[in-house]
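**Q** The chain contents come next:
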Amino acid sequence: MKKFSQLAIPYIVWAVIMLVLPMALIAFYSITEPGNSIFSFSVTLDHYVTFFTDGDFLRILWRSLWIAVKTTVICLLLGYPVAYFISRCGERLQNRLILCITIPMWINMLVRTYAWIGLLTEGGLIQRILSFFLPDGTQLLYTESAVLLGMVYNFLPFMILQINTSLCKMDGALLEAGADLGADPVQTFARVTLPLSLPGVVNGITLVFLPAVSSFFIPKLLGGGQYFLIGNLIENQFITVGEWNFGSAISMVMALIMMLLMAVVRRLENRNRGGQDERNF
Amino acid sequence: MKKGKRPIGKILTALIVAFFYLPILYMIIFSFNDGRSLTSFTGFSLRWYKRMLESRTMMEALYTTFSVALIATFISTVVGTISAIGLSKSRKAIRNLMEQVDNLPMMNPEIVTAIGFMLLFITFRVDKGYLTMLLAHIAFCIPYVILSVMPKIRSLDPNIADAAMDLGATPWQAMTKVIIPQITPGILAGALIAFTMSVDDFIISYFAAGGGVKNLSMVVYTMSKRVNPSINAASTLMVAIITIVLILVNVIPIAAAKRRTSYEIKKKKALIPAVAALAAAAALVVFLHAGSGAGGRPFEGQTLHFYTWGEYTGENIINDFEEETGAKVVLETFDSNEQMYIKVANGESYDILVPSDYMIQRLIQEGYLQKLDPSKITGLENLVDSVKNLPYDPGNEYSVPYFWGTVGIVYDKTKVDMEDLEREGFNIFLDEKYRGDIYLYDSERDSFMMALKALGYSMNTEDMDEIQAAYEWLIQCVQTMDPEIVTDEIIDNMAQGRKALGLIYSGDATYVMSENEDMGFYLPETGTNIWSDAMVIPANAENPELAHAFINYACEYEGAYDNSSFVGYTSANEEVMEVLSGEGGDFEGINAYLPRTDNDMDEVFEYNENTRKEISNLWSRVKIAASNAD
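Protein chains in written order, with my numbering: chain D, -8 to 272; chain V, 3 to 632.
Hints are computed from structural coordinates only; laboratory data are not their basis.
For every residue, glycine included, the Cβ atom is placed at its ideal position computed from N, Cα and C.
Errors might be hidden in some of the hints.
[To be verified] DSS-like, lysine-lysine: derived pairs with alpha carbons at most 30 angstroms apart:
{"hint": "1", "chain 1": "D", "residue 1": "160", "chain 2": "V", "residue 2": "154"}
{"hint": "2", "chain 1": "V", "residue 1": "373", "chain 2": "V", "residue 2": "615"}
{"hint": "3", "chain 1": "V", "residue 1": "227", "chain 2": "V", "residue 2": "345"}
{"hint": "4", "chain 1": "V", "residue 1": "12", "chain 2": "D", "residue 2": "61"}
{"hint": "5", "chain 1": "D", "residue 1": "61", "chain 2": "V", "residue 2": "227"}
{"hint": "6", "chain 1": "V", "residue 1": "373", "chain 2": "V", "residue 2": "330"}
{"hint": "7", "chain 1": "D", "residue 1": "61", "chain 2": "D", "residue 2": "160"}
{"hint": "8", "chain 1": "D", "residue 1": "160", "chain 2": "V", "residue 2": "12"}
{"hint": "9", "chain 1": "V", "residue 1": "330", "chain 2": "V", "residue 2": "345"}
[Stated by the list, open to error] To list a few chain V residues with every Cβ distance to chain D over 12 angstroms, as calculated:
{"hint": "10", "residue": "318"}
{"hint": "11", "residue": "393"}
{"hint": "12", "residue": "426"}
{"hint": "13", "residue": "478"}
{"hint": "14", "residue": "604"}
{"hint": "15", "residue": "608"}
Construct the entire structure; sequences and hints are all you get.
**A** This is the structure we're talking about:
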């Protein structure tokens, strides 16, 4: 069996270089001064201090987390009923509906986001329809609502598919058992369906929240040049300002926050599900 | 069980599906629009498809997207499968550790992974280009393959390989004949995920690629500032391909189902989509690659790396130059001098750059440019005197001017009172009468120029108090005026008359005014920036010879005319400038086209490291303040 385990060695080397080293470099840059190289450097925590003592940066971080929470909640509220409805359809219809939801995901995200510009801009279809209801001169494109819409649009399919997968895995007999034992439909849903679909919900939340926090092209395309989320701040530091050390520090902060949040979510899930580990992509 | 009608679920699902398809339909419809507009359909036409097929940038991006995806899918599937088999037989500690490592690209925000790759390549001085993009794609695809292969291996009987070997199979045979056939569905699913992730990727490619290599996402990102219906055409094409593949995939198994047992269908169902998708992609790559010619011209087979502003070259100049010289031009674009500087300072190699005045001064000071060979430069005497011998490069030892102009205010004559403009100059950007009706330009230099000139200071001031005052002026502007900070978006938006006022480059104003008669261009009496962008050759250029040839080509009448008439920026070639602004010229009667040369308050930017750093930081703070303003 030794022979087979040797097959993993090239990949372990590769993974160290291509997956571990980059993260180590970000950590390294985040605590060194600009202009240092890996051979001569001086360590500093200034970049973290700057980030955490500046109200403007913290507000951007807060706004990024907040809009990601809003996106996740909206996706959950819209996605759960849809996933539930789909899981209750006949097999053929179910496959078709899933296909309907999958096709847009095959189309480039940027392209789909770009398409919203035409709909939301002044004179665009949605803007024209909504202008009957909204006060005169209300702008849709380049607002926070547009960014939120773009995020929900891009990430909702993940939520629907994840929840749907776990609902479909559920044994139908359990529902019948619940009903036989005298539960009404609401009780069956609350006591049987909902807990059993939780892994899907958790996966869905992860797959929506994670990209929503760090997204930078959705805010850029739909929020305009002055709408900054943490992703834009990072992009700005690397592409225009050229302060990689500070940019690395922001990246580290974001990566750590995300890891922490994900660990908490997984923990809650495990407690609920008695430690059953399930992940789907 | 009750099989109710669930009207709410039905309606909601229908609405959500409609929501998913609305922008896609909109995009498809407008890809056939005759006009440029994204809001009004003026007639059916295929011109954007033609434009797309003629656009090298787009075709190359399609080629890059699919070739990277195919190679990355192939390599990551093979490596991922072998590694997963290896890992499954490794010690538990190693297995668990590697699982955590594999999770890195999946659990990290994508931008963090992307920046990691970028830092890796830069720290170890690997030139960013096609190869780095491919490496990054392979790196983030392998974990997905392992993730989908691993469960299949776990469900295998661990003794099965031993059994095969006991019966006389070599380890190789045991693997290929026993293990792999049993985990094929997992391998195919992994390949499919890898392919999808790679085709769709933007963030990682954006940070990991370089040297003009772009995939479709990157092209959309850089082109999205101007209305460009050929993006819709390219997208529609992709939608069509994907839909056909997916329909085939879903129809074939249904037809086949009539003849096969259910077990076999399951296997084939995973096989067919993967094979069909890969085959379609391979066909596309071959088709896209089959477009190259030959001949006997001076620079046959050589490559010119040309790094310039977005939308800054004429319609034909690149093709004509290639036709004439046999060279291939790789065009890469930037939105700001600073963005270009970072790439050059990182050691990326280009043959020609087109930076602005102060940036040329900086590049010379820091030793990033090489002197031009005067014996090879022929076009200098054709150029306007006002753009030659400027303080940033006296004697034009390093640079040959390309375009020049001013920075002024574009305004809607129907909304803005001329008296306000004349009385307030740049201070009109603080006039609350126009609150919510203005565009600022996302350039640290020009924004600070505006503020300094509004306050009556020199735009080259080294006095930190004056710079601080300008900063406060800008902060007041973003906090009280609710401006939109844009770059090239201003061009189409002002041409559509969406706002009353904007800070704009004269060349963009020329285009806006030629599209919309209601628009005017005003230069405040307190002075403005007279800028020029010039062609320079970096010290690390790979082909200076060819670069000289291109510089001459762009200075001569034909090239300069094509550039200026198509882009709308003022040509540095005197004859072209006169023809275009004169009677019957494209820009006759448009005041923005002819730069002002008779105001003593007008200045040319000079480079100063101290003030640059300060201004750069402060501008980043202004944008953050604008973002926090509501």
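**Q** Hints first: check each against the structure and report whether it holds.
**A** Each hint, compared with the structure:
1. D:160 - V:154: At roughly 18 angstroms apart (the allowed maximum being 30 angstroms), residue 154 (chain V) and residue 160 (chain D) satisfy the hint.
2. V:373 - V:615: holds (27 angstroms)
3. V:227 - V:345: holds (21 angstroms)
4. V:12 - D:61: holds (25 angstroms)
5. D:61 - V:227: Holds. Residue 61 (chain D) to residue 227 (chain V) sits at ~27 angstroms (cutoff 30 angstroms).
6. V:373 - V:330: It holds: about 24 angstroms lies between the C-alpha atoms, which stays within 30 angstroms.
7. D:61 - D:160: holds (28 angstroms)
8. D:160 - V:12: holds (22 angstroms)
9. V:330 - V:345: holds (21 angstroms)
10. 318: Answer for residue 318 (chain V): holds, closest chain D Cβ roughly 27 angstroms.
11. 393: Consistent with the label, residue 393 (chain V) stays out of reach of chain D, its closest Cβ about 25 angstroms off (over 12 angstroms).
12. 426: holds (23 angstroms)
13. 478: holds (15 angstroms)
14. 604: holds (27 angstroms)
15. 608: Since the minimum Cβ distance to chain D is about 20 angstroms, residue 608 (chain V) lies beyond 12 angstroms and the statement holds.
In summary, the structure agrees with every hint in the numbered list given earlier.
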